[in-house]
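Number of protein chains: 2
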Amino acid sequence: MQTKLSSPKKDVTIGDDQPTVLIGERINPTGKKKLAEALKAGDLEIVSREALAQVQAGADILDVNVGTFGVDEVALLPKAVRMVMDTVDVPLCLDSSNPEALEAALKVYKGKPLVNSVTGEEHSLKRVLPLIKEYGAVVVGLVQDDEGIPKDAERRVRIAHKIVERVEAAGIPREDLVIDCLAFAIGAEPGSGVAVMEAIRRIKAELGVNMTMGASNVSFGLPDRELLNNAFVVMAVAAGATCLIVDVAKVRPIILAADLVLGRDKRARRYIEAYRLRPKPDRQ
Amino acid sequence: MQTKLSSPKKDVTIGDDQPTVLIGERINPTGKKKLAEALKAGDLEIVSREALAQVQAGADILDVNVGTFGVDEVALLPKAVRMVMDTVDVPLCLDSSNPEALEAALKVYKGKPLVNSVTGEEHSLKRVLPLIKEYGAVVVGLVQDDEGIPKDAERRVRIAHKIVERVEAAGIPREDLVIDCLAFAIGAEPGSGVAVMEAIRRIKAELGVNMTMGASNVSFGLPDRELLNNAFVVMAVAAGATCLIVDVAKVRPIILAADLVLGRDKRARRYIEAYRLRPKPDRQ
Numbered sequence: 002m003q004t005k006l007s008s009p010k011k012d013v014t015i016g017d018d019q020p021t022v023l024i025g026e027r028i029n030p031t032g033k034k035k036l037a038e039a040l041k042a043g044d045l046e047i048v049s050r051e052a053l054a055q056v057q058a059g060a061d062i063l064d065v066n067v068g069t070f071g072v073d074e075v076a077l078l079p080k081a082v083r084m085v086m087d088t089v090d091v092p093l094c095l096d097s098s099n100p101e102a103l104e105a106a107l108k109v110y111k112g113k114p115l116v117n118s119v120t121g122e123e124h125s126l127k128r129v130l131p132l133i134k135e136y137g138a139v140v141v142g143l144v145q146d147d148e149g150i151p152k153d154a155e156r157r158v159r160i161a162h163k164i165v166e167r168v169e170a171a172g173i174p175r176e177d178l179v180i181d182c183l184a185f186a187i188g189a190e191p192g193s194g195v196a197v198m199e200a201i202r203r204i205k206a207e208l209g210v211n212m213t214m215g216a217s218n219v220s221f222g223l224p225d226r227e228l229l230n231n232a233f234v235v236m237a238v239a240a241g242a243t244c245l246i247v248d249v250a251k252v253r254p255i256i257l258a259a260d261l262v263l264g265r266d267k268r269a270r271r272y273i274e275a276y277r278l279r280p281k282p283d284r285q
Numbered sequence: 002m003q004t005k006l007s008s009p010k011k012d013v014t015i016g017d018d019q020p021t022v023l024i025g026e027r028i029n030p031t032g033k034k035k036l037a038e039a040l041k042a043g044d045l046e047i048v049s050r051e052a053l054a055q056v057q058a059g060a061d062i063l064d065v066n067v068g069t070f071g072v073d074e075v076a077l078l079p080k081a082v083r084m085v086m087d088t089v090d091v092p093l094c095l096d097s098s099n100p101e102a103l104e105a106a107l108k109v110y111k112g113k114p115l116v117n118s119v120t121g122e123e124h125s126l127k128r129v130l131p132l133i134k135e136y137g138a139v140v141v142g143l144v145q146d147d148e149g150i151p152k153d154a155e156r157r158v159r160i161a162h163k164i165v166e167r168v169e170a171a172g173i174p175r176e177d178l179v180i181d182c183l184a185f186a187i188g189a190e191p192g193s194g195v196a197v198m199e200a201i202r203r204i205k206a207e208l209g210v211n212m213t214m215g216a217s218n219v220s221f222g223l224p225d226r227e228l229l230n231n232a233f234v235v236m237a238v239a240a241g242a243t244c245l246i247v248d249v250a251k252v253r254p255i256i257l258a259a260d261l262v263l264g265r266d267k268r269a270r271r272y273i274e275a276y277r278l279r280p281k282p283d284r285q
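One line per chain: the protein sequences are V and D, in this order. If you use our numbering, the first sequence corresponds to residues 2 to 285, in order. If you use our numbering, the second sequence corresponds to residues 2 to 285, in order.
Bear in mind the hints are in silico, worked out from the structure with no lab data behind them. There may be inaccurate statements among the hints.
The list treats identical chains as one, so a pair stands whether inside a single copy or across any two.
Quick list of in silico lysine-lysine cross-link-like pairs, DSSO-like style, CA-CA up to 30 Å [claimed, not checked]:
#, residue 1, residue 2
1, K163, K80
2, K152, K267
3, K134, K33
4, K10, K163
5, K34, K10
6, K80, K281
7, K127, K113
8, K35, K134
9, K35, K127
Using the sequences and the hints given, assemble the complete structure.
What follows is the structure in structure tokens.
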């Protein structure tokens, strides 16, 4: 299944036969005090800098999230989206838990964006899916529902089925849905790694949809977070995740290696090119 | 399924519910000019040093291979095995393509060793399996047969079935067999990564045996080999490989991360302990 996104100048295809698509996560004030302060002051210069840095690091898509206490997302999200569109060429992922902010951002976006996100909760399905249909966008479906956040693989799979049904009932083609199986901090939820990998494999087999995965949460509270995130994303991609919401500069090298192992990098061109461009430690 | 190995002072268990067992690959003259020269001269001091360094790096088992042009393995392998037994406490993997050398090493080994290897070739099955039975050892079964080395998953699985049948017909319990799905250089064989992962998953599902994997070949001819090896071993472990023949110092950190994601490291104890002991880059 192929999911297509676009900006005025770039098309991006997410699919099993494609290299893993990397969505830059860094325009998001959660846990970033400086960015949160700047957003509250309406200062978008740091957003523009983060956009540029992530695309230079190899991001295929940028997530734009301005949600933090004291920010009017309905006003600020479209401004931030315009700022990022003016700075870089890649398609964007419009990210907010506020449907009004999503709609305001959809109005200014040029092309076919990703929208982050709808859940399996009734209020979310009812409010967000009509927007996706109206604006012809692609939506991330988070596998949580009115009963809460699932711990096991089984409930994740069931919620994914529900979201697919509701998406199709709303007249949105299945390829315009990307399921997120929800990863948790492994230090706090030791079984969640296995549950997520099993859910990815089953959803891929049963529904065929594209899947995304955030990586940075899984290592929360543990040392050497980059190492743990790397192991996690490699497994997620091997299990069937076709795009990742990540810190691209940190994750891209090992994902290029994973794509090469999985036969998604003909003649190792992307792998070798990235190696050539990467700064090397001094070798004496 | 649990595979048990032992030395006089240590037991090692390989199994799905266990942390991944790491077999140190560095006592092997292939591609190591200095070690090859020393072995030809009958000098085993470097073997002793490599043994100690690998155990300090976290090796659970050490592979001992002295096969190189100009060496009489039947005479030297038992000597090297004795030297390693005198130096470290971990169980050993007796590694030779020469059955006489394997037998000579089995005679001096104390405990239950791993023997590397038998293949699906008739001459190998007939010569090696009686030794495994007689000495009560565990054997690595390489998935190649008289028709050669397999390129696809299907032939790997078929040869694994054949080896299991022959092992059991020889009176050896299935848990005393560890299948090696044979990884090739991905630069030369771009489809081999996918074939190996599929073979591991299918052999695990159909036969339930423990599986090992060498990692260092896969990156042959490509840059940043450690990165590619790391991505490969993480996928192999997630697919079902329960032990790895690797350069332990390089691979152990990400395998501890993989074990943690897979729920094989209660309270992240091994992961955190290894992090604490690891030398850190200066943080300014």
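Among the hints numbered above, which are violated by the structure, and what are their numbers in rising order? Of the numbered hints given earlier, those the structure breaks are 1, 3, 4, 5, 6, 8 and 9, listed in rising order.
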